[in-house]
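The residues making up each chain are set out below.
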Amino acid sequence: MSFPWAEQYTPKNPLTQWIDEKLPLPRLVYNAVGAGYPVPRNLNYFWNFGVLAGLALVIQIVTGVIMAMHYGANDLVAFTTVEQTMRDVNAGWLMRYAHANGASFFFIVVYLHIFRGLYFGSYKAPREMVWLLGLVIFLLMMATAFMGYVLPWGQMSYWGAKVITGLFGAIPVVGEPIQTWLLGGFAPGNASLNRFFSLHFLLPFVIAGVIILHIWALHIPGSNNPTGVEVKGPQDTVPFHPYYTAKDGFGAGIFLIAFSILLFFAPNFLGHPDNYIEANPLSTPAHIVPEWYFWPFYAILRAFTVDFLFIPAKLLGVLAMFASILLLFFLPWLDTSPVRSGKYRPTFNKFFWILCLDVVILGWLGGAPAEEPYVMMSQVAAAYYFAHFLIILPLISRFEKPLPLPGSITEAVLAKYGKTDGATVAVPAE
Amino acid sequence: MVRYGAIAVGLFFAGWLFISFLIGAVAYVSEPPVPTVEHEFHEAPKHVSFSFDGPLGKYDQAQLQRGFQVFKEVCSACHSLKFVAFRDLAALGYNEAEVKAIAKQWAIKTPSVDPATGEASTREPVPSDYFPKPFANNVAAAAANNNAIPPDLSLMTKARHHGSAYVYSLITGYQAQPAELLKEFPDSKTPEGLHYNPYFANLNLAMAPPLSADGQVTYGDGTKPTVDQMAQDVAAFLTWTAEPKLENRRRAGLATILFLLIATGLAYMSYQNIWADKKKAAA
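Each protein sequence line maps, in turn, to chains A and B. Residue numbers 1 to 430, in UniProt numbering, belong to the letters of the first sequence in order. Residue numbers 1 to 283, in UniProt numbering, belong to the letters of the second sequence in order.
For reference, chain B alone in the conformation it holds in the complex:
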């Protein structure tokens, strides 16, 4: 009885799926799906190598400091970094006094309350503060940025596939819209106020090229601040903001796996030892 019911249900599902397949296949052949402009012109992130690549890679502190400088002088005008606190900068090699000074001199002030009147006011950030947001709220952010809200950058490199390379590619990827694109998709001209970038999911983004010329920042360590270098540095910095515990994690991983290899080896020997008489047959 169960089997007859099962065969009936099976015939229904399998049969209807097969009919759906035929209908879909006919439609697919008679009206092949039209490729979209994103499908044809979106590009995967460029290949770029970082010191933290590979299972044992580590952050390059000098590079993180340079990247932080790019963030401070360029990105932070529009982008927040709300999950990172000034105190976290100690991991980039700054000492306590330097962290204090960075917080104190930060261009954006921390929202606060006037202790005398209770009215909203601001104060200088201290190391325990998170990076203050450049805009009071999303409405202000959208109003100042052609209706697009600049996303928070704390987790950006983990929120995109191949995030570090993505950030680098996006910053260095601005270009004129290809002529073939306009020929094939005449309706897809980049709208006024947006910028063509094949590394961005829908090809046109509101952010203007943030790094437009070599020497936009002046590095203290003598590294030549080409656009490519600055883009790599800020991508490295944003990898650190997204995954500050990367080095601890890899160190702990090595120790754990080493321990487990020894323990598993011993467990294997004990297994073989206990089973020795059972595996020799004829017990």
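Just chain A, with the same shape it has in the complex:
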């Protein structure tokens, strides 16, 4: 690791010494999430969400593997086997509701994790690779969640699959063959259901693999912090264990309480009633909407209503929807301000909160029916989304005058606790 003062793994008993010689796995863990990883001492609660996202993934894998034991990936029985899981499998209702709501909570914590990265500038040098890998995880999550939603084979599953694969159908010339190839037929059917199940089982393990890379890339420069000022010496850090394991333990408790409230007392609150109707290719639901975590992107997709020259509006919507996520990959090079934390960027700060409000509004509009005045509102909101990242942010980072930064993390912490007696002035690392 990059901090010379990091605590060293020193196995004490002969067995752990023996293991460390043959396979230093405990050493790896110690250095990754143990006492061997020095972390800035001033992290706030927003830094809990990375660990919570990992916890959410574990919940999804455990409940998902158990549900797969009772699930029949066939369009004739899928809906029935899910219902039998709910009714006749011991604690089957718990596994199913935990899995369905767990997906929502996974997205909630990941959105807060992304929010943290955006506000505190965690995507900036030297952490670009951490950010890029995080976006890869986010894309994989979206694919996994979409395919998982198809598996119960309810009305929204079926029509959602049809609409989302239809996005590829908007591509000129090759679009329809691609859609047919993705579905394994001209409409969602048994072939689609089977491949979605296979991929839905596979992708979480791919996500777990990319998470390892994400953490690896993070440990090269070390964690960012609320001031955005780099670590300057040992006094700026604390070992991950026990300091942040204890804090994450508390965070996990709060997370699980919130999760339990929804899971046990309102398990269908975030779902759509139509998905309790078995898939019926002959009956289109009045409003086809994806799960809530896709709503902002769905609103952008539907905001394009006018053809541009020879480009049909539908294709523009598809391009814009993909662009709205892909542009985040360029963020480290769009925002060139050397100051990371939004706390010290007065102009950025204002536009950033407008963006947050804008995304919430887009979310609301994505869940609303595709009629006026919602479409007009989503056009304005989507315009701001693109303008923020692609125009406003590059300009702000060019012209903004940031506020003075604290000299070091320790200085910021001492100021917070009212002691600036100079007893521990930061010592720059050599």
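Please keep in mind that the hints were generated in silico from the structure rather than gathered at the bench. Don't be surprised by glycine CBs; every beta carbon is placed ideally from N, CA and C. Treat each hint with caution, since some may be false.
[Unchecked claim] Result set (DSSO-like, lysine-lysine): computed pairs, CA atoms no more than 30 Å apart in a straight line: (1) A:LYS232 to B:LYS279; (2) B:LYS278 to A:LYS416; (3) B:LYS82 to B:LYS58; (4) A:LYS162 to B:LYS82; (5) B:LYS109 to B:LYS72; (6) B:LYS82 to B:LYS100; (7) B:LYS224 to A:LYS12; (8) B:LYS109 to B:LYS82; (9) B:LYS278 to A:LYS343; (10) B:LYS58 to B:LYS158; (11) B:LYS279 to A:LYS343; (12) B:LYS278 to A:LYS232; (13) A:LYS162 to B:LYS158; (14) B:LYS279 to A:LYS416.
[Said to hold, decoys possible] Cβ-to-Cβ under 10 Å is the rule here; a few derived chain B residues that face chain A: (15) PHE13; (16) ASN146; (17) SER154; (18) GLY253; (19) LEU254; (20) THR264; (21) TYR268; (22) LYS279.
[To be verified] Covered stretches of chain A, going by a simulated chain B footprint (3 or more residues, C-beta under 8 Å): (23) 60-72; (24) 79-90; (25) 234-243.
Following the hints, put chain B in place on chain A, whose structure we already have.
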């Protein structure tokens, strides 16, 4: 370079969205959207209270039994209940012998195979059987019901917004088509063979009012079988068929949250304890 490209892309998307907005706004002002008859006359479900409302509510077994009786004597003539088995009725308070008798006496028989000839036949249901379907297939169901297939009721209360209140409102919501509706939408007269009901999504449904008169069923527990009472009871029963584990879920939830509150409290104290020296500054 990246930034110039980004600004160009941003100007294109934001600009085209803004132009689309202007085109939409002009159309919206010059030709305001025409309200539809559903938009104007569809009503949200009525307010009705049940014993299972709220986070700690429980099913009322007597009410579920009455609701089951309404289902048996009225609904089951046309509607299936394919995810519920006779054995599940034990949860309504019936004992083993009663469940057996209910299955044996069920009006619709379970499809089977004649053990001697191998030809299709039927037999009396047993407790492990799911409720047999009233029609052999969808074609038969549609033919007998003015071309509408009566939906399966197992999950009905979860397949509609505010499902329990929806079922109650739909059953008690039949009425004559309002005069204002016909005045405003002369083309929307309820077609022959359908029935006007403002609680149904498109206002006209094929099902005739299923509960038309007080006393349509005779309750064994002395409850007065008004239409309102029967509608509430069957809505409660269908809430149970959709969510039979509701009480287990809420019990498990209470225990889990109690445990988590204690565990989180301890985790908080351990967090404070470990960080005590770091938060007092001047380490």
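| Holds or violated: is there a CB of chain A closer than 10 Å to the CB of PHE13 (chain B)? | 4 Å, holds
| message | Just to be careful, I want the Cα atoms of LYS279 (chain B) and LYS416 (chain A) compared with a cutoff of 30 Å; is the pair within it? | response | Judged against 30 Å, a Cα distance of about 9 Å means the pair holds.
| Interface hint outcome for THR264 (chain B) [beta carbon to chain A under 10 Å] | 3 Å, holds
| field | Pair hint LYS278 (chain B) and LYS232 (chain A), alpha-carbon separation not exceeding 30 Å | value | 17 Å, holds
| query | Can the region 79-90 of chain A be counted as covered by chain B under the rule of three residues or more with Cβ-Cβ separation shorter than 8 Å? | reply | holds (count 5)
| Given pair status - LYS100 (chain B), LYS82 (chain B), alpha carbons within 30 Å | Status holds; Cα separation ~18 Å.
| task | Quickly compare the C-alpha distance for LYS82 (chain B) and LYS58 (chain B) to 30 Å and report which way the hint goes. | result | Holds, because 24 Å separates the two Cα atoms, which is no more than 30 Å.
| Straight-line Cα separation of LYS224 (chain B) and LYS12 (chain A) no greater than 30 Å? | 79 Å, violated
| Claimed coverage, the region 234-243 of chain A by chain B - three or more beta carbons nearer than 8 Å | With 4 residues closer than 8 Å to chain B, the region 234-243 of chain A meets the three-residue bar; holds.
| query | When the nearest CB of chain A is found for SER154 (chain B), is that gap smaller than 10 Å? | reply | 8 Å, holds
| 30 Å limit on alpha-carbon distance, applied to hinted pair LYS232 (chain A) and LYS279 (chain B) | 19 Å, holds
| request: Test coverage of the region 60-72 of chain A by chain B using CB-CB distances below 8 Å; three residues minimum. | output: violated (count 0)
In the structure shown, a violation is registered for the earlier hints numbered 7, 16, 23, in ascending order.
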